[in-house]
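Number of protein chains: 2
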Amino acid sequence: MRIIVDAMGGDLAPQQIVIGAVEATKEDKDLIVVLVGDTDKINPVLSGLEYNKTQVELIDAKEEITNDESPTMAIKLKKESSLVKAFDALNNLPDAGGFVSAGSTGAVLVGAFMKVGRIKGVSRPALAPLLPTYKGNGMILCDCGANVDCKPVNILHFAIMASAYAKESLKVEKPRVGLLSNGAEDKKGNELSHEAFALLKECGDINFVGNCEARDMLSGDFDVVVCDGFDGNIALKSAEGTANMMLNLIKDGVYNTGLKAKIGGLLLKPVFKSVKKKMDYNAHGGACFLGVNKIVVKSHGASKAKSITASVLQARDLAKADIPAKIKEGVDKVKIAETEEK
Amino acid sequence: MRIIVDAMGGDLAPQQIVIGAVEATKEDKDLIVVLVGDTDKINPVLSGLEYNKTQVELIDAKEEITNDESPTMAIKLKKESSLVKAFDALNNLPDAGGFVSAGSTGAVLVGAFMKVGRIKGVSRPALAPLLPTYKGNGMILCDCGANVDCKPVNILHFAIMASAYAKESLKVEKPRVGLLSNGAEDKKGNELSHEAFALLKECGDINFVGNCEARDMLSGDFDVVVCDGFDGNIALKSAEGTANMMLNLIKDGVYNTGLKAKIGGLLLKPVFKSVKKKMDYNAHGGACFLGVNKIVVKSHGASKAKSITASVLQARDLAKADIPAKIKEGVDKVKIAETEEK
Chain A
-14 MRIIVDAMGG
-4 DLAPQQIVIG
6 AVEATKEDKD
16 LIVVLVGDTD
26 KINPVLSGLE
36 YNKTQVELID
46 AKEEITNDES
56 PTMAIKLKKE
66 SSLVKAFDAL
76 NNLPDAGGFV
86 SAGSTGAVLV
96 GAFMKVGRIK
106 GVSRPALAPL
116 LPTYKGNGMI
126 LCDCGANVDC
136 KPVNILHFAI
146 MASAYAKESL
156 KVEKPRVGLL
166 SNGAEDKKGN
176 ELSHEAFALL
186 KECGDINFVG
196 NCEARDMLSG
206 DFDVVVCDGF
216 DGNIALKSAE
226 GTANMMLNLI
236 KDGVYNTGLK
246 AKIGGLLLKP
256 VFKSVKKKMD
266 YNAHGGACFL
276 GVNKIVVKSH
286 GASKAKSITA
296 SVLQARDLAK
306 ADIPAKIKEG
316 VDKVKIAETE
326 EK
Chain B
-14 MRIIVDAMGG
-4 DLAPQQIVIG
6 AVEATKEDKD
16 LIVVLVGDTD
26 KINPVLSGLE
36 YNKTQVELID
46 AKEEITNDES
56 PTMAIKLKKE
66 SSLVKAFDAL
76 NNLPDAGGFV
86 SAGSTGAVLV
96 GAFMKVGRIK
106 GVSRPALAPL
116 LPTYKGNGMI
126 LCDCGANVDC
136 KPVNILHFAI
146 MASAYAKESL
156 KVEKPRVGLL
166 SNGAEDKKGN
176 ELSHEAFALL
186 KECGDINFVG
196 NCEARDMLSG
206 DFDVVVCDGF
216 DGNIALKSAE
226 GTANMMLNLI
236 KDGVYNTGLK
246 AKIGGLLLKP
256 VFKSVKKKMD
266 YNAHGGACFL
276 GVNKIVVKSH
286 GASKAKSITA
296 SVLQARDLAK
306 ADIPAKIKEG
316 VDKVKIAETE
326 EK
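As you go down the protein sequences, you meet chains A and B in turn.
Quick note: the first sequence uses the working numbering, first residue -14, plus one each step.
Quick note: the second sequence uses the working numbering, first residue -14, plus one each step.
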């Protein structure tokens, strides 16, 4: 299988991207990574690495799309950009199963939508990161930013798509789906979430377990949490900011409370490291853009080689499991159920 | 000044509520606390305490409103409840400046709205807790749950009300107001926040500094963050859940990583305690219900005596500063500006 990699996207591109992608080929001898980007910049990195030459292919692309550009205009006009050429490769190369980029989120989403296309029946593709939980089982938040204004049916589709994704990536048969709300009780919610609640409850093909208060989002009691992209972004970023703040407050305390605290900090270093690792949701791959015809994985902008390796292997697994086909099946079933009701 | 206290509201009522309220009188010899609740339960607690008898008054109320009741029905029907009698006292007793309750949030908000009344000109009263920040300066989040569906003008009013509150409680002359959004850039946001952004930017009477990403909410760079109550609740609860999760993960690490970690944990105990205290947004009082004609402070349901003392003194300070009058002035100014424009 081929996984296409945007070698120029991300803060540490192309070096860390190339290293990470090449590393992934060592984990799977049937995997070919296709590096798309400026070969004048990629080749010097490759020349320092040892790898099986048949497992790495190159596509030269001299243009780049930056974070500051309008994604729609950039995708339309910059035909020679690594992103546009990568999507072309994803569509046209034999056995191309998925795509990984650490570049501009907006451009990746718009590009995937315009070039790869929405799965027929899906009302809105959505971005779904895999988040850490207290119990260690992982949770998929969908949507976390692709759709800031949603209709109830969009949220139903997020639940169907994220359930298909969770079955594969979390290895759970009936992913427990929660609806992000301002309280756990059924009656809690706003206009949108009340209507989404009714749709989710009616849908026989997902395992809807009710409202999820943001406090319990990372408890491990939910495999999937759905919401509009605005709220998902707020929940995710609030958690991220708080985790950083806690670690910084503890660090400040260790440095400023005296010798005892300094020694304590030293002794607890492995614990802090493990907590930091546990909370780092980028370590296990990227966020999956669900609802387009191929696997598209968006790695964090600051991704290092290790994250890219994880994202490439994640894209391979999801492509092998043919998640897009499963999503199509899921939304089709709901549609048939709706039609039969009428 | 009189501060009315709902002695029966909260998980630890009446004991911790009574102790906390009485403690507040020792901080201010001009303060009278009026305890409203079942005197058969309050008197035994009082009999164990030393205090100036002229500073504590009692109002007997034998009914209670629980978390499970419909707030509107309960306020209408339970005339003998501690909550209803407390609001009556707030309206009728001479020099009654404010009210403190650790009871059902829904009932306190509905009761305040129905019995104390909305300030003329305020489109929607809102719940505003004071949150800890990394820099230690505190931040007011408004709304955090009273209004799950909002119009742009509601959010403008939240900014005006919370600014008046921040001036007094954070002692800043021009509170920096941020609008909670899915990114810091001006163009980020959903339909509601885009319209609210325009109103906030136009308003000359607040110091609007732009969009606030949830990640930066607790940075200390904002004195006020405004949003609808659904999003505010998600941001708040996500932060709360993550802070708890981090402390639990560290605790687990200390216990399960071996002797060195256990010793490290022991040495760092004062640091963890101080971080926990810093993150505890209930320690400094309750959430203020802004936009009603008197000061209403909602303490956390699990409030201990110390929180109640803080809430009573907070209510006194806000009443002395006449925050309701300042809020009225603020919304009136905006109204005049609007009229002049036309």
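Among the hints, erroneous ones may be present.
It does not matter which identical chain is meant; a pair holds if it fits inside one copy or across any two.
[Stated by the list, open to error] As a list, the in silico SDA-like pairs of lysine to any residue whose alpha-carbon atoms are at most 25 Å apart:
#1 K318 to G238
#2 K263 to D237
#3 K26 to K320
#4 K26 to A310
#5 K318 to L(-3)
#6 K136 to E180
#7 K105 to K291
#8 K236 to D206
#9 K100 to G250
#10 K100 to E35
#11 K47 to T24
Quick caveat, the hints were computed from the structure, so don't treat them as lab data.
Nothing here was measured: the structure is a model prediction, and the numbers come from that model.
Verification of the supplied hints:
For a Cα distance limit of 25 Å, the shortest separation of K318 from G238 qualifies neither inside one copy, at 55 Å, nor across copies, at 45 Å. Taking the shortest alpha-carbon separations for K263 and D237, both the intra-copy value of 21 Å and the inter-copy value of 12 Å come in at or below 25 Å. Proximity of K26 to K320 under the C-alpha cut-off of 25 Å is found in neither arrangement, the shortest distances being 48 Å within a copy and 59 Å between copies. In the homo-oligomer, the alpha carbons of K26 and A310 never lie at most 25 Å apart, since the shortest distance is 36 Å inside one protomer and 65 Å across protomers.
In this assembly of identical chains, the alpha carbons of K318 and L(-3) never lie at most 25 Å apart, being 43 Å within a copy and 50 Å across copies at closest. For the identical chains of this complex, K136 and E180 are neighbours both inside a copy (9 Å) and across copies (19 Å), given an alpha-carbon limit of 25 Å. For the homomeric pair K105 and K291, neither the shortest alpha-carbon distance inside one copy (34 Å) nor that between copies (59 Å) is at most 25 Å. Taking the shortest Cα distances, K236 and D206 sit within 25 Å of each other only across copies (20 Å), while inside one copy they are farther apart (30 Å).
For the homomeric pair K100 and G250, neither the shortest alpha-carbon distance inside one copy (50 Å) nor that between copies (53 Å) is at most 25 Å. Proximity of K100 to E35 under the C-alpha cut-off of 25 Å is found in neither arrangement, the shortest distances being 33 Å within a copy and 76 Å between copies. When the C-alpha separation of K47 and T24 is checked against a cutoff of 25 Å, the pair qualifies only within one copy, where the shortest distance is 8 Å, while the shortest distance between copies is 81 Å.
In this structure, the hints that do not hold are numbers 1, 3, 4, 5, 7, 9 and 10, in rising order.
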